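Chemist: Go by the hints and put chains B and C onto chain A.
These protein sequence lines map, in sequence, to chains A, B and C.
Sequential numbering of the first sequence, starting at 1, is according to the working numbering.
Sequential numbering of the second sequence, starting at 1, is according to the working numbering.
Sequential numbering of the third sequence, starting at 1, is according to the working numbering.
Treat the hints with care, since some could be wrong.
Claimed, not checked - Cross-link-like lysine-lysine pairs, in silico, DSSO-like; alpha carbons within 27 Å at most:
id	chain 1	residue 1	chain 2	residue 2
1	B	Lys135	B	Lys29
2	A	Lys106	A	Lys65
3	B	Lys163	A	Lys109
4	A	Lys350	B	Lys163
5	B	Lys163	B	Lys188
6	B	Lys61	B	Lys29
Rather than coming from a laboratory, the hints here were simulated on the basis of the structure.
Keep in mind the model is a prediction, meaning the values are calculated, not measured.
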Amino acid sequence: MRFLLALAFVLLGSAAMAQSLQDLLQADPEAVSNPSRRTVGEVLDQLVDSGLPEVPQFLERWQGKEVWQRASDGLFFYAEEDGEGHVLYDITSGEEVGRAGPRDIKAIKPNAGVRGVIGSALIEFQLTDPDPVRRQAALAAIADDPAPEHLEPLRASIAAEEEPSIRVRKERLERLLSASFEDDREARIAAIGDLGSDITVEARAVLNRMLASEPQVAASVPADANLAHAMTPGSAELPREAAYAMLVDAGLAAPLVTDNEVRDALVAAIQDGKVGDMAVAMLGTDEARHVAYDALALRDGLPPRVTEAEMEAALDSHAFWQGYVEPDQGITQAAERALASAETRVGVYKTADVALDAVSLASIYFLAAIGLAITFGVMGVINMAHGEFIMMGAYTGYVVQTLVPDYTLSLILALPLAFIVTFAAGVVMERLVIRHLAHRPLETLLATFGISIALQQIAKNIFGTQARPLTSPAWLDGAWVVNDVLGIAYIRIAIFVLALLFLGLLLFILKRTRLGLEVRAVTQNPGMAASMGIDPDRIAMMTFGLGSGIAGIAGVAIGLYAKVTSEMGSDYIVQSFMTVVVGGVGNVWGTLAGASLIGILQKGIEWFNPSNTLAAQTYMILFIIAFIQFRPRGIVAMKGRAAGA
Amino acid sequence: MTKTSLSIAALLAALGATGAAAQDACPIKVGVLHSLSGTMAISETTLKDTMLMLIEQQNAKGGLLGCQIEPVVVDPASDWPLFAEKARELLTVNEVDVIFGAWTSVSRKSVLPVLEELNGLMFYPVQYEGEESSKNVFYTGAAPNQQAIPAVDYYLDELGITKFALLGTDYVYPRTTNNILAAYLESKGIPEEDIFVNYTPFGQSDWATIVSDVKALAADGEPVGVISTINGDANIGFYKELAAQGISADDMPVVAFSVGEEELSGLDTTNLVGHLAAWNYFMSADTPENAAFIDAWHAYIGDESRVTNDPMEAHYIGFNMWVQAVEQAGTTEVDAVTAAMIGQEVPNLTGGTAVMLPNHHLTKPVLIGEITAEGQFDIISQTEEVPGDAWTDFLPESAVLEADWQKLNCGMFNTETQTCVQLTSNY
Amino acid sequence: MTATPIALRPRFTLAGNPSVLWALLVLAIFTLGVTVLAEGVGAGVISTSFVKTLGKTLCLCLAAVAMDVVWGYCGILSLGHMAFFGIGGYAIGQWLMTARTTDIVAQNLAGQPLPPTPRELEQAVASQIFGVVGAEDFPWIWAFSDSLALQLLMVVLVPGLLAGLFGWLAFRSRVTGVYLSILTQGMTLALSLWLFQNDSGLRGNNGLSGLQNIPGLDQWGQDAISIGFFWASALALALGYLLFAWLTSGRRGAVIRAIRDDEARVRFLGYGVEGTKLLVFTLTAVVAAIAGALYYPQAGIINPGEVAPLASIYLAVWVAIGGRGRLYGAALGAALVSLMSSWFTGGGAPDIPLGVYTIRWTDWWTVLLGLTFVAVTLLAPKGLGGLFDLVPRRANRQGDWGPDDGAWRSEEGQP
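Looking at chain A on its own, in the form it has when it is part of the complex:
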């Protein structure tokens, strides 16, 4: 109670001097507590015009969802959570003025649109603020919603700017605003010309805005029209129906009588089971209906049907064109030139971007498939549970992350641990199942499928069916950005590096170590290898473990960039098979070639048909089936005796 009294005094006292912030807000509290982008401007103007010193701070806090409203009296406060309730602070003085229980006050949550408008209102306060963060916020607000009135204050602030990065940003924004809003025509055209070397989305947005155009129609193109290009009815850009509809809209032609209108007119004219002199039962075809309607139209003065010839004539006697909204031809021409030069470079970067994506996808496929390729090559068996080893690796990563909260450390731990876990699982599976199915590859395929469905369900029973979070450390967040077109996520680069590492490691093991020598011997001729003292069983076990272990590591990598679910393995298994088959069996380079081909192909098809990713996958598989016809042994086929095995 005492607080309230005190508050009342404060309020009265300030009211005596001038209107307080609280009073201003209370004039229309609904506009503050439940603001809309379209209406909030009024309140903002009042606040800014009031000149009260606390207004900028209030606006910032309002924007940051830090203003609260008390339910009982509708007053606004800043608040801080404190146990069950909140401590309230006055919005003018910032002094503590009381406490509130859990449901006594309500946080005011302006939506993003409103926050943007508040941001614009804050520009004039923030543009020269000593805090660089605020200055950046102001620049972001200008970029979000460029307006002519920002040009002068922005220019004025450049000279005093000390922070180099912000200064660069300010200069860039000044160029953009100048290109859009400069009054002096020559200066504006010059500014537009400068944008030609700029391929940022922002700059192209400015140019495209200048080049906004709309379809127009008239008997002939007027002399003062700023014509973008002419259009011919019947082209893909302007189908005949659309062209005619434009004529109708412009009042230059009579509207078409649709079949539904014909029907409705006929229904309305039914008398004694007849329309005119035609029996209703006869009107079951379009032709009959048209005849009946034409008669009816003559009799009752209904709008006549537009014939094909009339439509043709109307289209022929008018000109259709795309006309710029901007009337000044000099400006649109400058913008066109600038945009054309930007677009060429955008095209190049776009190609590079798709290529990067393709490499990234290829490295993911490579990681997922290489383990499979090794086991397939050495033992001639397809491991259907390979996908589940990927899943196991991912879940290992998840478990490690729940135990070790530091993301970097947990990743460092998870990678070897995933390898160990899946290596062990692979060895166990080889000893218990696969060894007993030697020389029966089809049975092995099916037995491992049995293991695969069992493992998948066990994972579900342990971890539940929800996707589990596997979060990459902060230094892998974000993307390596060359410019607005070309960029790739760090996590994908990391996966690429990982794939390269394993490529190198495997090549090293196979070419430079005793184990690798033995593996190659067994791959090429198991019988001969055995007679030279190599234990094929041990080699099989080791390769199987190695292949599975790499799957586990691939699991961690895939989990980091996509998801961890019990079914993630089955998403990759068929692709992995395809990779192995296309690449050629038992050869690291083959798998690399297969993964690259599939990755590049998929991205390529996606690029040409961006609205349907499913189609891309379908075509890719069809391509692979066709490809196998020509190279049944894959891209990198083994030569000699091994090929017959």
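Modeler: Same frame as chain A, but now just chains B and C:
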């Protein structure tokens, strides 16, 4: 050969016996038809648990009509034909009085003919594409006008967005919703070329190219908004890619219709703060009813970290409505309950009241939430209750259709010709 | 098949194949028994839903028998036969949907003041069928959907051509073994991905639904229709069984099995390996498609998930559990595993409390199935059918030409 006939005979006996068993009025049986295995288990298992919790609560209150309620849980295993088979089994063998179940549209379409043939009763708890009103189904999730259209209005009015990217998983809900949205946007003056549409397969994980394509849309100089009907765990990869490419909600907001608290629990949301979702319920809704519901859920499931979501609220409302209707009708007989259902009122967990309309849809408030760093949603907009519209007004073929099971007794009534197109539903 | 005929078993007779006779007899007794006990016509002990399950199981048995011929006898582990099964279902489903919808639409339009034009009728039907998935026109792929006869032809023709083309390409380039399996799996995946697209015109993920309502049979009710389909499925299984028993008998059967055991040797002996493989592959594909065409009207809905690679692998699993290389084994495996699956997932099996943890079969059934399968492959490669070998041998028994001691039996083909 004896082995064959023996085992078949044994199976026959096992299944036949249950089929022939006589049924008494007590206990009242409630069928729960949610996938507990397969791809949809991720979403549907939670709903099964919700139903078991609600039934347990009701039994603790003394049951219904003096009977205990007995849940009959079956697992259609995300296998759509199995939904029809299990529904038939529930209705004819277990003789349940009502079914709560299904998630995907295709599973609902699979069950529909069986329900209509056997005059069963089902409550369907998920937001869906509309264009349907069956005599035997009550739709407790949102129709497009209760989720998609208000979200687009928010984009148009509040964020001033004039260019749209509609991203969806390739199946009927995104397809139909996007068709409706495209028609709606056109009616609001957005030209067709400013609407980019992309469909991806279920479980898509490689989003790099699609996200860059969407990013490039902004080059036209118009503010771009993304409307996502991406389903299930494909969202995880999508949001990770959004975060990696640094697309902030200020540059290019994403509003999702299939992403709730459950999906966010598989993600680190710190880089996604500010992106949007539209639902009729958020766990963060600050009402006493919601607090009680969340407490009960945590106590039931024994895990404080489990979240609640929109379809769970739909089941909560549906089940309570059904209980009220049964009490009012004094029987669990389907026709009586169906008649009593219309006009039933149950308080929403987010405030306000849900009313069952004659078209078997609910009135629902539309909430728009911004993702927070904690994996929850900040509710930034909440409308009054919007009545669900079975047939959208924005597609010409369905604008003339109307559903009214009270006066017209038809779920597909053509207002132009004043005839009932069909009494059963389109499957 | 150009070599001089060796005079072995010139003619296929039932009497010479007691296992075929037994299988058909059991099937007949089973069919009659179910009919007598069914809700629709008999005592009402078996519910309509279970009759449907049994009818569907018979169709799966037929598909499994076909799979057995292509894998157990010919050695081609096809992971794509459920795709053909699905194509059969789609083909018949197109007619079912169009015919049913046309009935409904015609009825509704008959109430209009003007008789409908053909275009109006077609548009109304199309918007009923495709309105659900946001389209309004009939795609080209539905061109024949108004004719039952043509769609029935499609049931046979489309899978036949697809299998023929695929087989011709694959066998011609001598793709064998695991490669071939992967390739068939790729084909299945491509088909299911294609079907998943809405743009393919088969209603995408929604697939075709409401197939249990047979146009023109509305007055029958599902209990009678289910019996009808049950009989049709039993008949199809019997005929398919006979066809394949004939195909795998005698010299032709010996060649087929020889291809499985050593393809190169058969080729060197002068037999046309590619032609035989293609015949077996295509014929089994067509039979699988017929099974599918009978299956989906009983299931009520078909969608691309049915064609997914997993379904085809399960088919192989059934055959393996039942016992490869014997037709009755495949049928037995399919029946047993699919019925057990539906029993376990339906909550029919009681939970096993272990004190600390309760085993719920809805959760653990798949694990059990997977491990059983591994165990069968490892320990009992003959599968369930191997149990029949324990029955004391009779001189003229035939049908256990399993993969391990099949083709080179000394008494090959002797009656």
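Chemist: If a hint holds in the structure, say so; if it doesn't, say that too.
Modeler: For each hint, the structure was consulted:
no., hint, result
1, B/Lys135 / B/Lys29, "holds, 20 Å"
2, A/Lys106 / A/Lys65, "holds, 11 Å"
3, B/Lys163 / A/Lys109, "holds, 25 Å"
4, A/Lys350 / B/Lys163, "holds, 21 Å"
5, B/Lys163 / B/Lys188, "holds, 12 Å"
6, B/Lys61 / B/Lys29, "holds, 16 Å"
When the structure is compared with the earlier hints, no violation turns up for any of them.
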